[in-house]
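Respectively, the protein sequence lines represent chains A and B. When we follow this note's numbering, the leftmost residue of the first sequence carries the number 1, and every step to the right adds one. When we follow this note's numbering, the leftmost residue of the second sequence carries the number 1, and every step to the right adds one.
Take every hint as true, because none was put in to throw you off.
List of simulated lysine to any residue pairs, SDA-like, C-alpha gap at most 20 angstroms:
| no. | chain 1 | residue 1 | chain 2 | residue 2 |
| --- | --- | --- | --- | --- |
| 1 | B | 50 | A | 55 |
| 2 | A | 251 | A | 132 |
| 3 | A | 81 | B | 55 |
| 4 | B | 78 | B | 66 |
Calculated from the structure, these hints are not laboratory results.
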Amino acid sequence: MATEAHGSESSLVFHPMDQFKVTPLFGDGPVHWYTITNVTLWMAIAVVGVILLLVVGSRGRAVVPSKGQSIAELTYGFVYKMLEEVTGKDAVKYFPYVMTLFIFIVFSNMLGLLPLSFTTTSHIAVTGVLAVLVFLFVTILGFVKNGSKFLALFWVSSAPMAVRPLLAVIELISYFVRPVSHSIRLAGNMMAGHAVIKVFAGFAPIILFSGIGVVVTPVSILAITGMYALEILVAFIQAYVFTILTCVYLKDALHPAH
Amino acid sequence: MATQTHGAEVVDAAHGAAEAGMPQLDFATFPNQIFWLLVTLVVIYFVLSKIALPRISAVLAERSGTIMNDIAAAEELKLKAKEAEAAYDAALAEAKAQAQQIAGETRAAIQADLDAATAKADAEISAKAAESAKAIDEIRAGAVDSVKEVAKETAKELVAALGTTADARTVTAAVTARMKG
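Chain A with its partners taken away, still in its complex shape (with noise of 0.2 angstroms):
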C-alpha cells in the first residue's frame, strides 16, 4: 500500500512497518487510552467473528449439526481436548479463560492476513499483556492451591542434591522469562511474516520503473503468495502455541511436583 501511495515518484518505496501503526480511526488527534483506534476496530470485529462463529454458528443447538454448528463444536473440543490432556481432568474448569485466550489469538492473527487490516497479536502491547494475564493467573493459583509446596516447581528432588540449588536458579530464572518468550514469540511470529509480505509487495511494482521488474515483478508475486499460505499456518499455529503453553503453565500450577 506505502507503495501506491506514493505512486507518482519514480522509484521504490518500503514501508513494511507502516501497516503496524496504531491510527486513530477518526480525526488524526493524539492517541490518548480511550481513543478509538484501528486497534479498537479490529478488536471488535475479532469480537464479532468469535459471536458469529461460536454463538450464531451454534444457535440451532441441533442434535444433527450443520456446518457453522460443526465448526464451532470442533473449536470447542480442539481446545477441550487440549486442556485436558495436558493440563488434566482438573483443570477443566479454566477452560472459559483458556479458550478466551485462543479464539481470541486465532481471530487476531486470521483477521490481521486480510489485505489492509490491522494485526493486533503483532504488537508487544498485546501479547505483552496476555502473557502476563497468564503469568499471574498460573503463579496465584499455584499458590493459593499449592501453598509454599507451589516452590517445589523450582527444586527438581530427582536430580543430586549438590546440583539442586543451581538447578533453583535456573528454573527460577526460566519461570520468569517464561512471559517475556510466551509473548514475544507470538508477536515477533505475526510481525516478521507481515513485514516480509509487505518487502515483497514494495518490489512487486518495480516493473513500472526498471527492466528489471521483468524478473522481479513475478518472482515478488509468487513470494507473496507463497508466504501467504505461510501465515496462514502460522497463524494458526502461533495461537495453538500460545495456548498449549498456557495449558503447560497452568498444570505446573496444579501439579508443581517435577
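On the provided structure of chain A, position chain B as indicated by the hints.
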C-alpha cells in the same frame, strides 16, 4: 496511562523513534492497546462463559446422550428380536410335534380300523370256509353213503346175475370191508 501524563514532548519523541523503527515500540500507543485489549477479552470471556460454551457443551452432552439412548434402544430391540425368534422357534417346534402326534394318532387309528376290518374279514372268511368245509364233508358223506348204496345194489345184482342169492347182511359187510380197504 503513564505516557499520557508525561506530556507531549515525550509522546512526540516516542512517536519519532517509532516512525524510524517499529511501531510496536511506540509506548505512547500502549495504554490505548492495553485498554481495548482488556475490553475485548472481557467481552469475549462473557460471551463465551455465558452463552457460547454452555450452549455447545449442552449440545455435545445431548448428542452423546442421544447416541447412548439409541445404542441402548438398539440393544433392547436386538434382545426383543432374539426373544421373538426364540418364541417363533418354540412355536414351530410345538407345531411340528403336534403335527407328528396328530399324524401318529391318525396312523394308529387307521391301523386299528384296518386291523379290525382285517380281523372281521378273516373271521368271516374262516366262518365261510368252515361252512364250506362242512358242506363239503356233508356232500362227501352223502357221496360215500350213495356209493355204499350203489355198491350194495350192484353187488346184489351181480350175485343174482351169477345165479345165487346172498342175504343183504353179507353183501353189506363185504361192501363195507371193500370200501375200507
